[in-house]
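Colleague: So the sequences go chain by chain: R and C.
Counting from -19, one number per residue, gives the positions in the first sequence under our numbering.
Counting from 4, one number per residue, gives the positions in the second sequence under our numbering.
Read the hints as simulated data drawn from the structure, not as lab findings.
Be careful, since some hints might not be right.
Unchecked claim - With the Cβ distance kept under 7 angstroms, some of the chain C side facing chain R (calculated, not the full set):
(1) Lys45
(2) Gly46
(3) Pro47
(4) Leu50
(5) Leu100
(6) Thr111
Yeah, the Cβ is synthetic: ideal placement off N, Cα and C, and Gly gets one too.
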Amino acid sequence: NAGVTQTPKFRILKIGQSMTLQCTQDMNHNYMYWYRQDPGMGLKLIYYSVGAGITDKGEVPNGYNVSRSTTEDFPLRLELAAPSQTSVYFCASSRQGTDQLTDTQYFGPGTRLTVL
Amino acid sequence: QKEVEQDPGPLSVPEGAIVSLNCTYSNSAFQYFMWYRQYSRKGPELLMYTYSSGNKEDGRFTAQVDKSSKYISLFIRDSQPSDSATYLCAMSGPGGLTGGGNKLTFGTGTQLKVEL
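One chain only, chain R, in its complex shape (with noise of 0.2 angstroms):
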């Protein structure tokens, strides 16, 4: 049981590329996140899962796009990385089953990004 996954886990991109970063959960979880943390400001939710077709925007969604099709995978795409999304993205997963209010969010590794 890995739990989260999350590759690569360093990367660096000249502006204007783009990239996916990978996110696999081996738990059978419904619920999927992906987060960036900045020094300084906390974790901001980016998207969020709650379920195999169904995402929606968290609080900082521009420039990131998601899809979800399948439970284990929540892929998080960059179409035209600026230095603005240098960070450190960790992806996260939660049961939500019949006890959902204390069920917990379980965080990847994290993939550092440096876009220059």
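Let chain R serve as the given structure and place chain C on it in line with the hints.
Modeller: The following block gives chain C in isolation, referenced to the frame of chain R:
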């Protein structure tokens, strides 16, 4: 004013010391109060949570919530070098520990170092 304020530290203490970590908040709708621990280059993991006001104890860790003052604390007794990490507070409304339909609001994190 940020919804959640947290002293970023860094906080350096000797092994065995009692550590006090704190957050203040402005949104009176918050009901669930969480503490996440994040080791260097890792994702956050839920350490403890409290619903509404009061104290909760788990081993060397105690979480306190004072809703009247909009102030939460995490106390670590007999601190160990293995407690060295960044501690993030997080809060949500009635949606539970994942926020339900609403986001979690994270503090910026306090970096703690416990020295031998």
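Colleague: Does each hint hold? Answer for all of them.
Modeller: Evaluation of the provided hints:
Because the closest C-beta pair between Lys45 (chain C) and chain R is about 6 angstroms apart, less than 7 angstroms, the hint holds. At its closest, the beta carbon of Gly46 (chain C) sits 3 angstroms from a beta carbon of chain R; the interface hint therefore holds under the 7 angstroms criterion. Among the interface hints, the one on Pro47 (chain C) holds; its C-beta lies about 5 angstroms from the nearest C-beta in chain R, closer than the 7 angstroms criterion. Interface restraint check: Leu50 (chain C) against chain R, minimum CB-CB distance 10 angstroms, threshold 7 angstroms, status violated.
At a threshold of 7 angstroms, the smallest CB-CB gap from Leu100 (chain C) to chain R is about 5 angstroms, leaving the interface hint in force. About 5 angstroms separates the beta-carbon of Thr111 (chain C) from the nearest beta-carbon of chain R, less than 7 angstroms, and the hint is met.
Checked against the numbered hints above, the structure violates only hint 4.
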